[in-house]
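Undergrad: Protein sequence lines correspond, in order, to chains A and B.
The numbering of the first sequence is our numbering, which starts it at 1 and goes up by one.
The numbering of the second sequence is our numbering, which starts it at 1 and goes up by one.
Hints were generated in silico from the structure; no laboratory data involved.
C-beta: ideal position from N, C-alpha, C; glycine also.
Watch out, some of these pointers could steer you wrong.
What the hints assert, rightly or not - Label-pair restraints from in silico Cβ distances:
#1 A:Gln10 x B:His10: 47 to 55 Å
#2 A:Thr5 x B:Glu54: 23 to 31 Å
#3 A:Gln10 x B:Ala14: 20 to 28 Å
#4 A:Phe14 x B:Glu54: 25 to 33 Å
#5 A:Ser3 x B:Gly96: 38 to 46 Å
#6 A:Asn41 x B:Thr20: 34 to 42 Å
#7 B:Lys9 x A:Ser52: 34 to 42 Å
#8 A:Gln71 x B:Gln41: 23 to 31 Å
#9 B:Leu83 x A:Gly53: 25 to 33 Å
#10 A:Lys58 x B:Pro70: 22 to 30 Å
#11 A:Asn41 x B:Glu103: 20 to 28 Å
#12 A:Asn41 x B:Pro70: 46 to 54 Å
#13 B:Asp1 x A:Ala1: 46 to 54 Å
Unchecked claim - Just a sample of chain B residues kept apart from chain A, beta carbon distances all over 10 Å, derived:
#14 Ile12
#15 Gln17
#16 His73
#17 Gln104
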Amino acid sequence: AQSVTQLDSQVPVFEEAPVELRCNYSSSVSVYLFWYVQYPNQGLQLLLKYLSGSTLVKGINGFEAEFNKSQTSFHLRKPSVHISDTAEYFCAVNFGGTSGSRLTFGEGTQLTVNP
Amino acid sequence: DSGVTQTPKHLITATGQRVTLRCSPRSGDLSVYWYQQSLDQGLQFLIQYYNGEERAKGNILERFSAQQFPDLHSELNLSSLELGDSALYFCASSPGAGSSYNEQFFGPGTRLTVL
């Protein structure tokens, strides 16, 4: 079955520390991968996406993610976080084929940046 | 601001009632998607419309229905409401037929509380 797993439900870090939010998916076919961020009481905003090409993708707000096909992972990283990065982060996958353009989301990771 | 608008922002109603959620996509976007975000189910795809026609269906209950009008706005109708329907309902839009690689732009959501 096609699924998306975010391995950490909560990640607390200190300001200016690096962070990695982990995402794995289950699929034997080519996929399109996205990371979205949800700030409190707001909708989802796209951080970055992987469609094809270079496996290292850079997004907004200093975030980047690396696609690893053999490990079916798409982990999100930031070298130095700010208080304002506190939010919930969602990994989303488009599995293509019969699933069309719908997105399948992971459970979300709450990133809390402490001073 | 994604350019996708949703009304109302909050909705409180009673079990057994019927409500209508409204979404206006970004200017020029022909595809509209509806997602439900709840504590137990996470973010789930409900349904997609493209240029007035239903394009894909996800985990949408029979008590729920949607449509897209000629001006491309969409409405999600929820009837015979149950406590478990309490959730945040997001609308998203994307250009064209909503190809797998297209970014989906999310609205701020409608928070539905069923008492």
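Undergrad: Decide, hint by hint, whether the structure agrees.
TA: A quick look at each hint next to the structure:
no. : hint                           : result
1   : A:Gln10 x B:His10: 47 to 55 Å  : violated, 27 Å
2   : A:Thr5 x B:Glu54: 23 to 31 Å   : holds, 30 Å
3   : A:Gln10 x B:Ala14: 20 to 28 Å  : violated, 34 Å
4   : A:Phe14 x B:Glu54: 25 to 33 Å  : violated, 48 Å
5   : A:Ser3 x B:Gly96: 38 to 46 Å   : violated, 27 Å
6   : A:Asn41 x B:Thr20: 34 to 42 Å  : violated, 22 Å
7   : B:Lys9 x A:Ser52: 34 to 42 Å   : holds, 38 Å
8   : A:Gln71 x B:Gln41: 23 to 31 Å  : holds, 27 Å
9   : B:Leu83 x A:Gly53: 25 to 33 Å  : violated, 47 Å
10  : A:Lys58 x B:Pro70: 22 to 30 Å  : violated, 40 Å
11  : A:Asn41 x B:Glu103: 20 to 28 Å : holds, 22 Å
12  : A:Asn41 x B:Pro70: 46 to 54 Å  : violated, 32 Å
13  : B:Asp1 x A:Ala1: 46 to 54 Å    : violated, 36 Å
14  : Ile12                          : holds, 16 Å
15  : Gln17                          : holds, 24 Å
16  : His73                          : holds, 17 Å
17  : Gln104                         : violated, 6 Å
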